[in-house]
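Protein chains: 2
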Amino acid sequence: MKQSQMLIPTLKENPADAEIMSHQLLVRAGYIRQLASGIYSFLPIGRRVLSKVEAIVREEMEKIGAHEMLMPALEPSELWKETGRWTTFGSELMRINDRHGREFALGATHEEVITSMVRNEVKSYKQLPLSVYQIQTKFRDEARPRFGLLRGREFLMKDAYSFNESYESLDRTYEQMFEAYSNVFKRCGLNFRAVIADSGAMGGKDTHEFMVLSEVGEDVIAYSDTSRYAANIEMAPVKRTYTKSDETPLEMEKVHTPDQKTMRDVADFLGHELQKGLKSILFKVDEKFVMTITRGDHEVNDVKLKNLYDAELIDLASEAEAREVIGAGFGSLGPVDVSEDVEVVADLAVEALVNVSCGANEEGYHFTNVTPGKDFQVSQYADLRFIEEGDPSPDGEGKIQFARGIEVGHVFKLGEFYSERMKATFLNDQGKATTMIMGSYGIGVSRTLAAIVEQYHDERGITWPANIAPYQVHLLSLNPKKEDQKELADVLYNTLIEAGVEVLYDDRKERAGVKFADSDLFGVPLRITVGKRASEGVVEVKERMSGNQYDLEQEEVLNYVTNWYKS
Amino acid sequence: MKQSQMLIPTLKENPADAEIMSHQLLVRAGYIRQLASGIYSFLPIGRRVLSKVEAIVREEMEKIGAHEMLMPALEPSELWKETGRWTTFGSELMRINDRHGREFALGATHEEVITSMVRNEVKSYKQLPLSVYQIQTKFRDEARPRFGLLRGREFLMKDAYSFNESYESLDRTYEQMFEAYSNVFKRCGLNFRAVIADSGAMGGKDTHEFMVLSEVGEDVIAYSDTSRYAANIEMAPVKRTYTKSDETPLEMEKVHTPDQKTMRDVADFLGHELQKGLKSILFKVDEKFVMTITRGDHEVNDVKLKNLYDAELIDLASEAEAREVIGAGFGSLGPVDVSEDVEVVADLAVEALVNVSCGANEEGYHFTNVTPGKDFQVSQYADLRFIEEGDPSPDGEGKIQFARGIEVGHVFKLGEFYSERMKATFLNDQGKATTMIMGSYGIGVSRTLAAIVEQYHDERGITWPANIAPYQVHLLSLNPKKEDQKELADVLYNTLIEAGVEVLYDDRKERAGVKFADSDLFGVPLRITVGKRASEGVVEVKERMSGNQYDLEQEEVLNYVTNWYKS
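Chains as they are written, first to last, in UniProt numbering: chain A, 1 to 567; chain B, 1 to 567.
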């Protein structure tokens with residue numbers, strides 16, 4: 001393609017709102033442009049790269065027998081009401097009325113749509129298992145869109161859905177999808193990990209996220225320093241490895257602690273380590289009040305609390321609620337003699353403590369020398385805290401370390417969450433109506449693009465992996481006003497194009513410096529420069545990623561390029 | 001692909017709301033399913049056919065140097081307000097608020113978005129001309145969605161936009177697009193005509209529609225029976241070929257015509273031909289009252305009226321307005337002594353009349369023996385009526401005939417409509433800021449699919465043209481329980497797949513009758529049946545369209561298929 005005829009507007013300056021490299025470079029190199037907050041246009045070279053990722057996704061999906069469909073973006077609210085998600089999905093779901101006042105969701109995901117279709121069309125176990133997918137624009141009204149394509153409000157996604165007759169069959173489909181996802185991200189050149197994850201608003205239980213390792217990732221991965229174990233930090237269990245303190249339990253005392261609000265305040269005031277205080281937090285778990293007790297240096301993980309109670313909704317109680325139910329505000333809560341309306345659960349670490357402090361459920365007072373079991377009882381000890389670096393790995397091998405990741409894929413075992421609510425049944429081989437077992441599987445296609453750039457760039461621009469680059473060769477004619485340079489560049493362009501090589505040809509009347517800078521910014525893997533030695537039939541080839549460069553005779557160019565892409 | 005693993009739900013009965021063949025067959029054969037009124041899902045074989053059309057469109061677009069992009073569906077209302085279309089597009093434009101209350105249009109078309117991008121990114125004549133396109137879901141809230149994919153509310157469209165430095169340059173781009181469109185529809189196997197059209201709500205003047213000839217089309221095409229002339233009936237001019245009547249003008253008389261409301265009523269009551277009465281209609285043309293006078297047997301064409309006044313808005317006056325301005329209701333209007341607030345324009349045919357009747361602007365009265373020029377004056381005579389069958393063709397060759405057409409493509413010379421309102425300028429080669437000249441070009445991708453089915457079907461199902469069919473071969477194993485049949489079918493399937501042939505393999509445990517009926521319904525061009533003669537290595541090949549069938553040795557199959565698709 002001749003660059004003079006294409007819309008590839010490059011910028012010297014970073015856009016003001018672009019904090020991370022993928023956002024900066026994709027904008028500066030003319031791949032994308034923002035239309036509104038979290039909403040982007042893909043310019044021609046951006047569309048090309050997107051198509052490369054799409055093609056890989058399609059190939060890997062077809063390989064495992066998933067078939068492509070295309071579902072609408074306008075989804076009738078009735079379907080979302082059947083599953084309850086019209087309410088629970090919250091304000092991320094964009095809603096629109098048609099001219100007759102009928103409500104629609106703007107497709108954020110398509111479980112309801114595909115389930116309503118399959119319940120109408122699939123009647124028999126003979127038609128199962130069934131896997132379908134689509135590549136389609138999705139809409140989510142993020143509260144804080146940012147980081148360019150990483151957290152947008154309109155984005156391109158591949159979503160797949162499977163329908164199985166049993167959990168065993170789902171396990172097999174899940175395996176295949178897992179494998180296909182690994183292949184997709186490998187072919188995209190990404191350094192990623194599949195991590196155990198929480199299923200969030202999607203229903204279902206077993207689920208993995210595919211995380212591209214990156215410092216700008218919004219998720220924290222807890223992984224073992226010696227094994228393959230990796231989980232989203234929300235999901236990593238903490239092993240019960242605490243040793244009971246050998247201190248002698250003392251008499252509990254009530255101490256005046258005026259204006260001491262935080263755990264740190266109280267610990268300093270009472271003169272003890274942070275971990276010798278108890279952190280008491282009041283939650284509302286499906287309308288029930290639950291007080292969690294953790295060690296002062298630990299953080300409560302509300303996903304674990306939610307799973308402990310198998311709850312639908314979980315939220316912090318308000319301070320007003322705390323005062324009403326317990327009689328004291330946030331800084332003074334504690335498990336001793338707490339109201340009977342409140343259930344107390346404690347983290348496993350708490351059981352090992354002796355002579356610690358906690359709030360006295362009275363404004364401005366704390367207890368000291370409190371010992372669990374002696375001074376208060378709990379309904380149960382459970383794993384309630386976030387794992388920390390240095391904790392033993394849940395699989396028993398090695399210690400936990402943290403890394404940040406960008407979530408580019410997600411595979412879910414939905415089970416019967418949707419099929420039960422929407423009555424999607426089939427007749428099994430005994431002729432009995434049976435609820436279908438479902439899975440759902442997403443890849444953020446546009447987000448994957450950004451993740452690739454996060455891993456493939458240097459100080460001068462993008463360094464695309466070969467499979468993803470918008471073109472295979474960037475051909476530069478340094479001074480097209482010189483007859484011999486223009487002629488040789490034209491010849492090479494035609495030769496390469498005829499051989500099926502994807503070539504971007506910089507035929508613009510620009511300074512050499514501008515052309516080199518733009519070329520580095522775009523990140524095409526091979527650059528071929530036709531310059532001063534054109535008269536001798538010699539050109540320069542440069543590898544974008546390694547920086548290696550060679551002079552080649554014009555006759556060698558096609559062979560060189562073809563072999564380079566083969567290896 | 002093995003049919004047993006695919007979601008291809010076929011129906012024996014037509015869906016209740018499906019009035020036309022493409023709607024019936026695409027649903028019955030499992031290509032599409034309705035999700036809500038005018039909103040469809042494409043099932044796997046539907047997605048395949050859609051992809052075939054998309055691929056043809058992409059090839060033809062790239063051939064003329066248009067580059068693919070992808071713009072968002074969420075379009076900020078501010079842009080639409082710049083061009084005024086936030087108001088003028090009316091209730092077909094779906095509107096949505098984000099969580100912060102910011103208004104967006106749900107992309108019905110993208111002139112505003114692309115113009116806002118180009119005005120930011122293109123500065124110099126060196127960057128022009130520029131053509132970009134996208135294939136993307138569009139939203140239009142049709143008042144009466146119907147006919148399946150022909151008039152939907154969410155549909156797939158290819159839209160292209162060109163930016164030129166001059167009208168001459170636009171002419172060249174328009175020519176190329178016209179040619180590319182012709183190629184697309186030829187490759188889709190369609191019988192179509194490019195017709196002169198009205199630009200409607202899009203702004204601009206010169207425009208052609210690509211119409212697929214079909215009895216179910218919603219548009220009427222006026223074409224010459226001997227030349228290449230063809231226009232949307234709205235746009236076909238009527239030649240001035242009327243001969244002045246040689247009657248002697250008589251004295252005008254006022255006649256009581258109680259309860260005679262329609263042209264036909266009055267003509268019968270007064271005892272004359274329909275064409276001896278004048279039809280008087282009161283319009284509001286951009287807030288001005290205009291009365292149109294046509295012959296009683298002619299119909300006013302409001303597009304011609306709108307163009308005559310170069311108006312933004314045109315509407316029928318209400319009867320209340322008629323009474324207020326003229327002093328009489330609809331059945332009694334006429335041009336004689338009409339209020340000075342009303343401008344009277346008449347169709348060319350009126351000038352030739354003598355001694356005709358018209359309303360007397362007084363309830364229940366008409367004038368007879370009225371002669372234009374003698375009894376009333378008009379501000380001008382102009383071409384105001386719809387052309388009719390038998391009228392001379394506007395190009396002077398032959399007579400007009402009518403046909404119905406489905407609009408599948410539309411090319412517009414927008415000129416400066418958008419670029420002027422949105423201040424999209426560039427520096428010309430003299431360094432002077434100049435308004436860009438634009439064009440826009442659309443293809444209804446999903447609608448094209450339906451149009452193809454309208455032209456390619458018989459009483460048993462769809463008869464896809466080879467370029468568009470979801471698969472090249474439909475392989476049937478009649479009784480897969482019989483070892484030899486299953487074995488031979490499996491061998492053929494693998495042979496064809498390995499050779500790159502697209503095969504749908506009916507491996508289901510269904511009766512032969514069901515398989516044949518489904519196969520005819522799907523419409524794959526070649527059917528290969530493995531049946532009783534499998535033991536001899538003989539199969540039956542049948543051409544879907546012609547019905548021709550042959551027995552083939554298994555060794556001949558691959559060659560036969562390959563040659564069939566080459567020719």
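Possibly wrong hints are sitting among the right ones.
In this list, chains with the same sequence are indistinguishable; a pair is considered to hold if it fits within one copy or across any two.
Taking lysine to aspartate or glutamate and the EDC-like style, the derived pairs with C-alpha atoms no more than 20 Å apart in a straight line are [to be verified]: (1) 52 - 62; (2) 63 - 416; (3) 2 - 121; (4) 2 - 59; (5) 2 - 62; (6) 509 - 121; (7) 63 - 502; (8) 542 - 483; (9) 63 - 507; (10) 261 - 82; (11) 432 - 383; (12) 63 - 490; (13) 239 - 225; (14) 306 - 391; (15) 239 - 179; (16) 284 - 312; (17) 542 - 17; (18) 123 - 54.
Derived from the structure by calculation, the hints contain no laboratory data.
Verification of the hints:
1. 52 - 62: For residue 52 and residue 62, both the intra-copy (16 Å) and inter-copy (17 Å) Cα distances are at most 20 Å.
2. 63 - 416: neither (26 Å within a copy, 49 Å between copies)
3. 2 - 121: For residue 2 and residue 121, only the inter-copy Cα distance (18 Å) is at most 20 Å; the intra-copy one is 49 Å.
4. 2 - 59: The answer is between: 17 Å across copies meets 20 Å, while 29 Å in one copy does not.
5. 2 - 62: Between copies, since 12 Å is at most 20 Å while 34 Å is not.
6. 509 - 121: For residue 509 and residue 121, only the inter-copy Cα distance (18 Å) is at most 20 Å; the intra-copy one is 60 Å.
7. 63 - 502: between (26 Å within a copy, 15 Å between copies)
8. 542 - 483: neither (23 Å within a copy, 59 Å between copies)
9. 63 - 507: between (40 Å within a copy, 19 Å between copies)
10. 261 - 82: neither (45 Å within a copy, 54 Å between copies)
11. 432 - 383: neither (41 Å within a copy, 72 Å between copies)
12. 63 - 490: For residue 63 and residue 490, only the inter-copy Cα distance (18 Å) is at most 20 Å; the intra-copy one is 40 Å.
13. 239 - 225: Answer is within: at 16 Å inside a copy they meet the 20 Å cutoff, but 87 Å across does not.
14. 306 - 391: neither (22 Å within a copy, 78 Å between copies)
15. 239 - 179: neither (29 Å within a copy, 70 Å between copies)
16. 284 - 312: Within one copy only: 11 Å inside a chain, 60 Å across chains, cut-off 20 Å.
17. 542 - 17: neither (33 Å within a copy, 62 Å between copies)
18. 123 - 54: Answer is neither; intra-copy 32 Å and inter-copy 32 Å both fail.
Against the hints set out earlier in the document, violations occur for numbers 2, 8, 10, 11, 14, 15, 17, 18.
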